[in-house]
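Sequences and hints are given; from them, build the entire structure.
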Amino acid sequence: VHVTFIAPQVVVDPTRRNFSRHSGTPTRSTPCAELAGRYGGVGRDVIVHCNNACGRGGEVYGGDGNCYSRDSALCKAAVHAGALAADKAGYFTVRLAGFRDRFAATTRNGVAAIAYNARFMSITIHAYLPGDEETLGGGVAS
Numbered sequence: 001v002h003v004t005f006i007a008p009q010v011v012v013d014p015t016r017r018n019f020s021r022h023s024g025t026p027t028r029s030t031p032c033a034e035l036a037g038r039y040g041g042v043g044r045d046v047i048v049h050c051n052n053a054c055g056r057g058g059e060v061y062g063g064d065g066n067c068y069s070r071d072s073a074l075c076k077a078a079v080h081a082g083a084l085a086a087d088k089a090g091y092f093t094v095r096l097a098g099f100r101d102r103f104a105a106t107t108r109n110g111v112a113a114i115a116y117n118a119r120f121m122s123i124t125i126h127a128y129l130p131g132d133e134e135t136l137g138g139g140v141a142s
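Going by UniProt numbering, the sequence shown runs without a break in its numbering and finishes at 142.
For the record, the hints were derived by calculation from the structure and aren't laboratory data.
Errors might be hidden in some of the hints.
[Claimed, not checked] Listed next, with one range per pair, are the computed distances between beta-carbon atoms: (1) Asn52 - Leu129: 13 to 21 Å; (2) Ala86 - Ala115: 19 to 27 Å; (3) Asn51 - Phe99: 26 to 34 Å; (4) Gly43 - Asp87: 25 to 33 Å.
Note that the structure is a prediction, hence the values are computed from the model and not measured.
Just so you know, even glycine gets a beta-carbon here, dropped at the ideal spot from N, CA and C.
Right, dumping it as structure tokens:
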């Protein structure tokens, strides 16, 4: 997969072995149960890709209003948020959203998210809509 982007967005493929923030082309190991904690500061959008073979492992914390603890597994949280089908590959957008005092347990789309009752950095997850690749200055091609 070749990816082109314009800052501040970053494309991450948790199913690929490698990732480089500079070129947008995978060059470093990233596991399927990737967490958002390593992808920059508050307000930054990160476009994430999960393939259908990746699985949906890991824990999800919160989910009320599509707001999750930053240490939630991204692919599984995207299914919970409705931004990704459980059995299909796809892209979704993660935004680092700042600190939140608690994350309530929720269940949606077959995923049970766990409560986390401590102050922690949060993320929001939203669907990556067709045409969004135009904002990445050339898009996504395979």
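I want to verify a distance hint. Is the separation of the beta carbons of Asn52 and Leu129 within 13 to 21 Å? holds (19 Å)
Status of the given 25 to 33 Å range, CB of Asp87 versus CB of Gly43: Because 32 Å falls inside the window, the suggested range holds.
For Asn51 and Phe99, compare the CB-CB distance with the range 26 to 34 Å and indicate the outcome. Given about 32 Å between the Cβ atoms, the range holds.
Between Ala86 and Ala115, does the beta-carbon spacing fit 19 to 27 Å? Holds, since Ala86 and Ala115 (Cβ atoms, about 22 Å apart) stay within the stated range.
When the structure is compared with the earlier hints, no violation turns up for any of them.
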